[in-house]
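Protein chains: 2
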Amino acid sequence: MIPAIVPFRIKKKSIEILNQRLLPHTVDWVSCKSMKDVFVSIREMHVRGAPAIGIVAAYGYVFGALKLMKKNFSPKLDEVTALKEYLDSARPTAVNLMWATTRMEQIFTKLLAEKADMGAIKETLFLEAAAIHREDEESCSRMSHAGADYIASKWPGKKLRILTHCNTGALATGGIGTALGVIRILHQRGLVEVIYADETRPYLQGARLTAYELKVEKIPMYLIADSMAGFLMKQGKVDLVITGADRITKRGDVANKIGTFPLSVLAKEHGIPFYVAAPESTFDREMEHGDSIPIEERPAYEVLEIQGKKVAPDVPVLNYSFDVTPAENIEAIFHDGSDKVFRSAKL
Amino acid sequence: MIPAIVPFRIKKKSIEILNQRLLPHTVDWVSCKSMKDVFVSIREMHVRGAPAIGIVAAYGYVFGALKLMKKNFSPKLDEVTALKEYLDSARPTAVNLMWATTRMEQIFTKLLAEKADMGAIKETLFLEAAAIHREDEESCSRMSHAGADYIASKWPGKKLRILTHCNTGALATGGIGTALGVIRILHQRGLVEVIYADETRPYLQGARLTAYELKVEKIPMYLIADSMAGFLMKQGKVDLVITGADRITKRGDVANKIGTFPLSVLAKEHGIPFYVAAPESTFDREMEHGDSIPIEERPAYEVLEIQGKKVAPDVPVLNYSFDVTPAENIEAIFHDGSDKVFRSAKL
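Those protein sequence lines, which keep their order, are chains A and B. Numbering-wise (the working numbering), the first sequence opens with residue 1 and increments by one. Numbering-wise (the working numbering), the second sequence opens with residue 1 and increments by one.
Check before you lean on any hint, since a few could be wrong.
Because identical chains cannot be distinguished in the list, a pair is counted as satisfied if it fits within a single copy or across any two copies.
Only pairs whose alpha carbons sit at most 25 Å apart, straight line, appear in this in silico PhoX-like list of lysine-lysine [said to hold, decoys possible]: (1) Lys268 <-> Lys154; (2) Lys218 <-> Lys310; (3) Lys67 <-> Lys159; (4) Lys268 <-> Lys237; (5) Lys215 <-> Lys310.
Don't read these hints as lab results, they were simulated from the structure.
Looking at chain A on its own, in the form it has when it is part of the complex:
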């Protein structure tokens, strides 16, 4: 299953990033030829979605490492460390970014220790980034099938009404998506009645990206304002909620796009199961509790303006980009590991 749209294209000397800020009405590819270009594209959210950010950062790391080598064939340790620190600072919450840059740094450090030549370094780093990319594609497929199997066995033969938040599809990953991947597989199996897609303010990933992906795939849907989800649940119109994740702690707390936590509380209030789908790279094995996850705050203009148009007077804004859903509110996390369904601390 090849998604009709991809978030980036790998070229010989560049990576072209689809500027998702302008979707769905304008298709604009941003050519990134340096680590800084990639950093800016991540920070400015031309590319978003935790898995996609990780992949793009891996390719960005290749640019950074090669530039460093050209300047100084035996770079100092702090110069190497600076590469990863720079890329990691683009978005602090999603752990996939740090996971990918850590993996790249390990290879790069090893190659330097082995005194590998420039050609070998270039090839090996590029292959590692490509491996991260390919593994994410496979991971999407495995977790999507795992999630669909789990859900199909829970509601045998039932066409489901599923609520989702943000964009977790092909545009957010290297494959068919995480939560939207599960939805794609359920739809293939004839098990989707309708998807309720939260528009997902302030960045409107749901309205702009999920609506677009669902439309292309001809999956029945309704777009709703984020604040409508609770009323739909109260009316008995939602069978389950499924979202992606930006970081999952050891006990199963999940950082995800702002608005996810309230959905989990509303689902609990109405006895509706709440699921998460995420690749292994989203699990932070070093962190115990969700309260420790750094939460990115983004600029005020994202709330004060919509698509460049001012909607509010100049007033102070809080713009948290993520929130944390405690493990207790999550029935299961679909992932791509050997057991494929992660049951959190409560289970």
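With the hints as your guide, set chain B onto chain A.
Just chain B, lined up with the frame of chain A:
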């Protein structure tokens, strides 16, 4: 206390309605010279806010009644009934509209029965609309003081962090507002630390109107996306929630702007008191349960477009304009009756 901004101005032969769709960046007054003009302004949400709609509808009724009289000095019963039915159909959820038109119809019917002359009918109907207007102004003041008294006695001397939804201020009423009226009085008494104003998608009453009113009044505030409220509560940053209402049933269930119900669930989850402020005209003494309240669905474009700019592909939309908060989730309703604090069925 005179609000710096009012939602309409009464002229000799017209009512000028401030087009709130264009606020805060454009101040445009729509001149209404007929009942139909008023109907359109209500339906198109040039004027919104349950109490303001009621007042404007009363003036609109005067235009309609006089036009009918000019056509036929002894109108038939169904012609008279049609006036009220027409105006009521503009917005189905807020009961203040029906309350005001019922009051106007009763006077008009009485005048017709008394065979009053044209001049007397004109004057009496106009005075009745003006009375509805003035009573709402006084009502705002009474309920705002009642609410502020209640809250001040619950948190003596504490500067409060208050979350509110939609716009419930001078722009929504004939006076200083309902929930925002309570906030105004608390601020006068030095009891406000900060207001968190939900932007209130899809119509952005919070971003456009509440932010504007709070800015003019110099009340400290943060504008937030609706989906951020839950995370602020989880972080312990919210002392109380207060909203307005569009209809309150006998048992105390409250229809209000979409997004109110989820706030009440989140408040309950975090042990945060949830309050409502509304005038007597919002109480529907005929209706027992919130499930009976008709919920307005509005056009798809309000979600697909923002200020005329397309943000999503053409996909199906659900656009419920209101939801219902059960009495159990509300600690108290501040109103303007003799006891001033309504305790719902649970209490």
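Do the hints match the structure? See the list:
Taking the shortest Cα distances, lysine 268 and lysine 154 sit within 25 Å of each other inside one copy (17 Å), while across copies they are farther apart (30 Å). When the C-alpha separation of lysine 218 and lysine 310 is checked against a cutoff of 25 Å, the pair qualifies only between copies, where the shortest distance is 21 Å, while the shortest distance within a copy is 33 Å. Proximity of lysine 67 and lysine 159 under a CA criterion of 25 Å is satisfied in neither setting, with 53 Å inside one chain copy and 55 Å between copies. Taking identical chains as interchangeable, the C-alpha atoms of lysine 268 and lysine 237 lie at most 25 Å apart whether they share a chain (15 Å) or sit on different chains (22 Å).
In this homomeric assembly, lysine 215 and lysine 310 come within 25 Å of each other (Cα to Cα) only across copies, at 16 Å, whereas the closest approach inside a single copy is 28 Å.
Consistency with the previously given hints fails for number 3 only.
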